[in-house]
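J.: Mind docking these for me? Both chains are given alone in their own frames, and the hints should help you get the complex.
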Amino acid sequence: MELRAENLRVTAGRREILRGVDFAARAGEVAVIAGPNGSGKTTLLRALTGEIAHGGRVALNGRDCAALRPAELALLRAVLPQAAALSFPFTALEVVRLGLTAGVPGTRAATGRLPAMALARVGLAGFEGRHFHDLSGGEKQRVQLARVLVQIWEPVLDGAPRWLFLDEPVSALDIGHQLQVMAIARDYARAGGGVVAVLHDLNLTAMHADRVTLLDGGRVRSAGTPAEVLTDATLSAAYHCRLRTNTPPPAGGPWILPQAADHCQEEAAE
Amino acid sequence: MAIPVRGAGPLAGDRRRRAARLRLLLGAGLAAAMLLSLGWGAAGETDVTAALLARAGLAEASLRDSVIVWDIRLPRMLAGVLVGAALAVSGAVMQGLFRNPLADPGLVGVSSGAGLGAVLAIAGTGLLPAALQSFVGPWLLPLSAFAGGWLAVLLLYRMATQNGRTSVATMLLAGIALGALSGALTGLLVYRATDDELRDLTFWNMGSVAGVTWARLGAAAPFILAALAAAPFLARSLNALALGEAAALHLGIDVQRMKRIAILAAAASAGASVALTGGIGFVGIVVPHLLRLVQGPDHHGLLVNAGLAGAILLLLADAVSRSIIAPAELPIGIVTACLGGPVFLWIVLRSRAQLEL
Ligand SMILES: Nc1ncnc2c1ncn2[C@@H]1O[C@H](COP(=O)(O)OP(=O)(O)OP(=O)(O)O)[C@@H](O)[C@H]1O
Ligand SMILES: [Mg+2]
Numbered sequence: 259m260e261l262r263a264e265n266l267r268v269t270a271g272r273r274e275i276l277r278g279v280d281f282a283a284r285a286g287e288v289a290v291i292a293g294p295n296g297s298g299k300t301t302l303l304r305a306l307t308g309e310i311a312h313g314g315r316v317a318l319n320g321r322d323c324a325a326l327r328p329a330e331l332a333l334l335r336a337v338l339p340q341a342a343a344l345s346f347p348f349t350a351l352e353v354v355r356l357g358l359t360a361g362v363p364g365t366r367a368a369t370g371r372l373p374a375m376a377l378a379r380v381g382l383a384g385f386e387g388r389h390f391h392d393l394s395g396g397e398k399q400r401v402q403l404a405r406v407l408v409q410i411w412e413p414v415l416d417g418a419p420r421w422l423f424l425d426e427p428v429s430a431l432d433i434g435h436q437l438q439v440m441a442i443a444r445d446y447a448r449a450g451g452g453v454v455a456v457l458h459d460l461n462l463t464a465m466h467a468d469r470v471t472l473l474d475g476g477r478v479r480s481a482g483t484p485a486e487v488l489t490d491a492t493l494s495a496a497y498h499c500r501l502r503t504n505t506p507p508p509a510g511g512p513w514i515l516p517q518a519a520d521h522c523q524e525e526a527a528e
Numbered sequence: 007m008a009i010p011v012r013g014a015g016p017l018a019g020d021r022r023r024r025a026a027r028l029r030l031l032l033g034a035g036l037a038a039a040m041l042l043s044l045g046w047g048a049a050g051e052t053d054v055t056a057a058l059l060a061r062a063g064l065a066e067a068s069l070r071d072s073v074i075v076w077d078i079r080l081p082r083m084l085a086g087v088l089v090g091a092a093l094a095v096s097g098a099v100m101q102g103l104f105r106n107p108l109a110d111p112g113l114v115g116v117s118s119g120a121g122l123g124a125v126l127a128i129a130g131t132g133l134l135p136a137a138l139q140s141f142v143g144p145w146l147l148p149l150s151a152f153a154g155g156w157l158a159v160l161l162l163y164r165m166a167t168q169n170g171r172t173s174v175a176t177m178l179l180a181g182i183a184l185g186a187l188s189g190a191l192t193g194l195l196v197y198r199a200t201d202d203e204l205r206d207l208t209f210w211n212m213g214s215v216a217g218v219t220w221a222r223l224g225a226a227a228p229f230i231l232a233a234l235a236a237a238p239f240l241a242r243s244l245n246a247l248a249l250g251e252a253a254a255l256h257l258g259i260d261v262q263r264m265k266r267i268a269i270l271a272a273a274a275s276a277g278a279s280v281a282l283t284g285g286i287g288f289v290g291i292v293v294p295h296l297l298r299l300v301q302g303p304d305h306h307g308l309l310v311n312a313g314l315a316g317a318i319l320l321l322l323a324d325a326v327s328r329s330i331i332a333p334a335e336l337p338i339g340i341v342t343a344c345l346g347g348p349v350f351l352w353i354v355l356r357s358r359a360q361l362e363l
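Taken in order, these protein sequences are the chains called X and C. Per the working numbering: the first sequence = residues 259 to 528. Per the working numbering: the second sequence = residues 7 to 363.
So that you can see chain C by itself, here it is in the shape it has in the complex (with noise of 0.2 Å):
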């Protein structure tokens, strides 16, 4: 009598295996990064695991080493993980939803129009009775750098969906339009800033994961976690919508709804990430890029393994842009952009007949 094989292996272009064995070395790979991201500072010798271990009374640790680990490496180093994650994601979540390798969060405007958001926000908050500062402050940032980034999408999506098609290059034109009107705006309040505020407003052009507190960490995280937390549930009508949308809607998704949320999640995780560390450019682009030559673009694998490698990277580019010039530093954007600019290139390249720009 015949036995059927089972577990035979998977078979010939199914790659769902190759991305589970992925995510496996994406999370050692994450483990190590942070561990180095908090083990390695301009600040020398540290005692680390003390530090650590100090806040649950289990060893002793001097109060250099706890500030140095708990209020600095610490809320850098969880706020390179989420931003990483963050942009990486949004960054896949758009370019399933534009069903195009190009979306990306910083080029496509969505950055600007959170970073328009975050601007006013800092502008406005002088404006605002002191009480009330105090109260709302942390949080008024953030909300306003994510209805930034999210109306900037849906503007952008309005205006280069034409007929169930969207067009890249609409897209990236107005994606222009909207950075260059969110530099005037920015260049307007740099003109007649304060110091305090000059210091805050240049931070956003440059992106820099120096300087996070717990409390804008706190403001920020909650943004970033529900759409990391939501963009698994979309990997099915992402892959769907590769098909088209009218495709999708015979698959059974209900594209309108989907195409809600996930601009919804993107924008929540790209308006926070601006809103926390300010323009970090390229990661959204280059990891979901890199991931899908390596596993194929099924959604299921590619959201969660890009939040690692996007963790990574951010998270590498630092540990660069601390080493380069040290003991100075580097802002982060400009690491990123240095890495990003020739791989996105590559991409353009490679793509080039598909452009239609």
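Next up, chain X with everything else stripped away, as it sits in the complex (with noise of 0.2 Å):
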């Protein structure tokens, strides 16, 4: 069971902003799309959960995405967006609850527990009557992942895999709660569920990601393992910068340490 794309193409005005994308992710593995600011990779994830109109096949679980209506949709997958607004004084726990809105299947009991496990969860237990709109960046951050986990609970539902989709999940957290919630999006595909994460922090990356895909300037520039993608050679021409990647001791897989800034510019130069 998979999440398959091919050939993503989305235009605003007449800016290409997707170029012919390819995409796969493997249900039981974390998928994590990499790439400078504006190379799309938020409109990619949008391409992949149908928020927005684009040209090419996204096909989740073997099914045409397209041929699928947002109630059967959302039993499917849960999305995080990048930046969520709330336009009315919700407490934490009325939030995660609307995570319940496409339903859950089983019993009524187990439903009525589920708000406050997701907080409990994402580290908030006890926040359940503070308002949304009072909390701080990164605790309203957590809030929606707890809502969007709350979506898609099981991350199995009828031998089916639910898929995650997030889009910078960590940007608002301290290194501690980035980990939480890594260690979240690893168990969830651990448990048999698929995650698409957008992530900025290469570190991160190279720790959790099954599978990378660089994009830069609308187009996949390298997809594969962490070890293939975050090279020396690939990274510092995407990010203009120069960067070089490291093996640390204990665990094998590589590390980015950014070197100083006028090496930047020299690169961008170049």
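Bear in mind the hints are in silico, worked out from the structure with no lab data behind them. Remember, it's a predicted structure, so these values are computed and weren't measured experimentally. Fair warning: there could be bad hints in the mix.
What the hints assert, rightly or not - Now the stretches of chain X that chain C is said to cover, found in silico as 3 or more residues with beta-carbon under 8 Å:
(1) 335 to 349
(2) 356 to 362
(3) 386 to 394
Ideal Cβ placement from N, Cα and C applies to all residues, glycine included.
T.: Written out as structure tokens, the structure reads:
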């Protein structure tokens, strides 16, 4: 079971934002989309989730997404947006409960407890009664993650994997909560679900991704395992900046150490 | 062995019970307000109970009492209930739809559009052949008010929404423009109206539940009842929409379809109430706002309670309008404006930072 997208094209006016992107992800794995600002990561995620009109085809678990109704899709995948707005003063618990909009297979009693469980999962037990608008940026991001988790709490439904799409889920989080959220993503994949996450942090990517797709200028610059994609040459070219990858003793994956800022200007001038 | 705790009370942050309790309270309040409205009037001593029971053959009532209760107070009371509920619910629906607590049928031009439709109907009825006039007469007004209100929301929503964001500023300004246009046309019609038409037209500008007849009530009620019945089914979608259109879509809501239904419901209830009682302002904004402060913004509890509270508010406003300069009456629109204006200002001042006007 997998997510497969072929030749995705998105244009805004006359600008081409995605220029024929192929993308694949397997259930049981964490797939990371990386790339510089404006490279089209969010746009790719929005095309994959059917949020925007696009050329090309997206198939989830072998079913053409364009043929699925919103209610059917909602049982199959949940989406954490890059920036989340909320127009009325809901409490944290009420926001998380919105994740139950599509309905959850299972008993009523279990559904009732789910929002509080999800809040605890993202480290926000005790925040149920707080107003969403009063929360800090990182707390807001984790409440939204809890809402998304509640929507597809069981990673596998009727034998089919469900999919978690996360657009920069750790952008507002401290390092401890970054690791916590990545652990949630990993656990979801380990339990049989699929995870597609946009990440800026290349070290987090190296630690947690099974597959990396590096976008640049609306195209795939490189795709493969972290070891294949996260190389000095590829990264330096994509980010216009001299980057050295290295292997720390214990783990074995690459890690990235930014060099001093003046190197970036040299690289960009070339 | 540990026994799992069941029904251990609501979680913190769960305000559904509060909404349910408030619903009971408001239901009782509405019953009381309805009785008050029936039992109290300019006619003095009237045996309301006997007049009501007389219809069922259970009591004797004088012709005078029977007329006062059945032909004057009852339709007036029902109009107050329906219009109050319709305005408050359509206000709540529009606020959810526009994702802004300041949206209100009166402010964003729906009532203007409906008023325009109504005025055109009043002027147009005279042009119809007499036979047709008596046939479509009572229906033409609410239908064209509904159509006017519907076109107005549709137009305003299109104009104010860009890239999925609905701008309040555009909405309010376009609403003002529409209001001015409607005012100008009304003025034109007033200028060359006959005495009869003049009375009808003046009545639109003020808003009043006085002189509501069974025929007019019967023509407007189906629109309002249909919209009120549809509203609870929108609650789930409106809740999801609070997260934005994209998030609502991902939660499984067919956003385009629900927007069409919400616009139709808001236009039907606001349009029909304008047709019935003219432009009564601020109910749609004040009632949902106060309720949100008490029970939170969850539309499941909000829409029902808004209907109840709107009905109560209008009945009370009617009571005030009948008693404040008794035996004469103030148009009810003036009373709701006096109550609603300050509350509206207060809301604006509180949310000044988010307005971007
Ligand atoms: N609706 C739109 N209209 C016009 N241009 C757009 C639109 N949406 C995105 N773009 C442009 O497309 C490019 C890719 O945008 P996208 O949001 O996908 O970038 P991103 O890779 O997610 O960047 P970031 O790392 O900053 O989140 C950007 O240059 C952006 O300005
Ligand atoms: Mg982005």
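J.: Next step is simple, just say for each hint if it's right about the structure.
T.: Hints versus structure:
1. Restraint check on the stretch 335 to 349 of chain X versus chain C: 12 residues with Cβ-Cβ distances below 8 Å, three needed, restraint holds.
2. With 5 residues carrying a beta carbon less than 8 Å from a beta carbon of chain C, the stretch 356 to 362 of chain X meets the three-residue requirement, and the given coverage holds.
3. Figure legend: the stretch 386 to 394 of chain X, annotated as covered by chain C; annotation consistent (3 residues with Cβ-Cβ distances under 8 Å, at least 3 required).
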